[in-house]
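Residue numbers (our numbering), protein chains in the order written: chain S, 11 to 112; chain X, 5 to 469.
Don't read these hints as lab results, they were simulated from the structure. If you're wondering where the values come from, they're calculated on a predicted model, not measured in any experiment. There may be inaccurate statements among the hints.
Which residues of chain S face chain X? A few of them, derived with a C-beta cut under 7 Å, are [claimed, not checked]: (1) L17; (2) Y18; (3) F20; (4) I37; (5) N47; (6) P67; (7) L79; (8) A81.
Note that beta-carbon positions come from the ideal geometry of N, C-alpha and C, so glycine has one too.
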Amino acid sequence: MTGIVALYIFMLAAFTGYEVIAKVPVILHTPLMSGSNFVHGIVLVGAMVALGAATTPLEKTIGFIGVLLAAGNAVGGYAVTERMLEMFKSSGAKGGGAKGHH
Amino acid sequence: MDLGSVHIGADALIQTSYLITAFLFIMGLKRMSSPVTARSGILWAGAGMVVATAATFFFPGMGNFALMGAAIFVGGIIAWVSGRRVAMTNMPQMIALYNGMGGGGAAAIAAVELYSGRQITSTEATLAVVGGIIGAVSFSGSLIAFAKLQGLIKGSLRFGGQQILNLLILAAALVLGAVIASGYNVTTPVVSALFGAALVLGVSMTLPIGGADMPVVISLYNALTGLAVAFEGFVLGNAAMIIAGTVVGSAGTLLTQLMARAMNRSLGNVLFSGFGDTGGTSSGTAITGSMKPIEASDAGVMMAFAQKVIIVPGYGMAVAQAQHKVWELTQLLIDRSVTVKFAIHPVAGRMPGHMNVLLAEAGVPYDLIADLDEINAEFDGADVALIIGANDVVNPVARNDKSSPIYGMPILNADKAKNVIVIKRGQGAGFSGIENALFYLDNTRMLYGDGQSAVASLIAAVKSV
Chain S
11 MTGIVALYIF MLAAFTGYEV IAKVPVILHT PLMSGSNFVH GIVLVGAMVA
61 LGAATTPLEK TIGFIGVLLA AGNAVGGYAV TERMLEMFKS SGAKGGGAKG
111 HH
Chain X
5 MDLGSVHIGA DALIQTSYLI TAFLFIMGLK RMSSPVTARS GILWAGAGMV
55 VATAATFFFP GMGNFALMGA AIFVGGIIAW VSGRRVAMTN MPQMIALYNG
105 MGGGGAAAIA AVELYSGRQI TSTEATLAVV GGIIGAVSFS GSLIAFAKLQ
155 GLIKGSLRFG GQQILNLLIL AAALVLGAVI ASGYNVTTPV VSALFGAALV
205 LGVSMTLPIG GADMPVVISL YNALTGLAVA FEGFVLGNAA MIIAGTVVGS
255 AGTLLTQLMA RAMNRSLGNV LFSGFGDTGG TSSGTAITGS MKPIEASDAG
305 VMMAFAQKVI IVPGYGMAVA QAQHKVWELT QLLIDRSVTV KFAIHPVAGR
355 MPGHMNVLLA EAGVPYDLIA DLDEINAEFD GADVALIIGA NDVVNPVARN
405 DKSSPIYGMP ILNADKAKNV IVIKRGQGAG FSGIENALFY LDNTRMLYGD
455 GQSAVASLIA AVKSV
């Protein structure tokens with residue numbers, strides 16, 4: 011990928027991120043932050059590539075830690091975001107999201 | 005098939021997968037920004053992550069698969085179990101922790117790249133260094149934010165010249181970064197010193213920030229991690245990382261600004277003023293009058309015969325685990341044809357939107373919940389405003405007492421309701437130490453007791469009507 015193409019991608023992605031979030035209501039701030047936190051868990055693929063190319067013990071150790079942390083970001087981010095969003099229901103959907111509550 | 009065409013085939017598969025992932029991420033985030041579609045949004049984004057991760061195993065020339073599998077397995081299991089178990093009240097610090105891990109991942113990519121001494125262009129080296137610094141700051145800073153909200157670190161470390169010290173550490177990191185990026189010295193000690201300086205910076209930047217401001221800081225680190233991921237994506241030539249990282253970087257920056265505004269703070273204020281422990285030195289003008297108590301039975305009758313009740317929950321309600329009881333009370337009132345609404349202040353809970361999550365957990369539908377701008381005009385027509393676990397956010401001195409530390413903060417106009425019932429443990433000033441003028445008004449009655457048992461008595465009172 012050439013530098014200028016990368017810059018185009020960078021610019022367009024920045025606008026996209028801004029536009030996607032621009033009109034979000036306050037009630038979704040916490041889940042959305044958690045959701046975007048999950049999305050940067052994509053760092054996992056980079057960490058995998060780095061570990062995949064590592065040769066010395068030092069590189070392998072850091073690569074291993076990197077993949078471990080990145081996997082934690084992706085998996086943990088998904089788990090908590092899904093849990094929070096699962097609970098959001100309108101009064102149209104009766105039966106509520108309350109677990110263990112009658 | 006010769007090796008070259010295998011590589012081309014794998015490359016096309018990976019690039020296509022990353023394209024699909026970018027699409028799924030953006031659609032997922034878009035869907036997450038409306039309560040109606042939010043639930044499906046995370047599923048879209050999750051599918052994107054699975055596609056990208058699976059495709060990456062086919063990356064040409066990959067090795068260390070056993071290590072990789074072990075790391076994904078261990079990291080994934082720990083995160084999954086902790087993520088499923090964490091209490092909703094502790095969600096903000098959990099987000100901080102996962103975010104810090106992402107920052108650490110980005111820093112690790114930069115470290116492997118720089119330690120390996122692989123020939124890269126100066127642009128790539130610069131991006132690796134900058135992304136590495138940001139990632140490391142986000143990593144250690146998020147860990148401190150986690151420790152503070154979790155109560156592992158109490159109080160805020162502040163001393164004179166702290167900002168100058170932080171600037172010096174930043175300058176040291178930048179100098180080391182320049183030495184590395186220019187190719188002048190890329191030896192292991194120099195690279196290690198760079199990451200050491202960045203990690204220390206994250207710690208020293210975050211330590212002085214008070215607990216009340218922490219959500220804004222977590223959001224900022226979230227945006228920074230996104231940026232670090234994008235930079236490392238440039239270094240690796242990985243379009244999925246560039247797109248996802250940049251989208252999070254810009255969305256996170258906007259979200260940080262929205263949060264800071266909702267909390268009546270500016271970002272610079274949060275980062276450099278060293279306040280945010282709520283409450284100041286002055287407590288404002290003294291308040292005259294007395295607090296008038298009410299029995300739960302009388303309060304229950306008042307609510308049962310009301311036309312409209314607005315409930316103002318605060319973090320105290322969640323601490324008392326009273327939200328389930330509050331929802332039970334709400335359902336009883338709705339069955340009696342009382343209109344019930346929840347009024348949520350932007351800083352109710354520990355980060356903007358946190359109270360909505362806590363209410364949703366108890367089963368309160370989101371269309372009964374209104375934020376400050378929507379609900380403030382409605383207090384005038386409400387028969388009862390029930391305050392539970394909220395204090396500063398309904399204190400009218402924020403409107404009219406210039407000497408008060410919370411003057412100017414937007415508040416819920418609960419005092420405009422015909423009757424105000426405040427559930428409160430005792431008579432003392434709240435958590436912030438600021439006297440609440442609302443408690444002394446003629447239309448206010450105090451219902452003393454623990455949040456959960458007070459609401460239970462209200463439920464009994466409404467049932468007996």
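Run the structure past the numbered hints and jot down the numbers of the failing ones, going up.
Per hint list: 1, 2, 6 violated.
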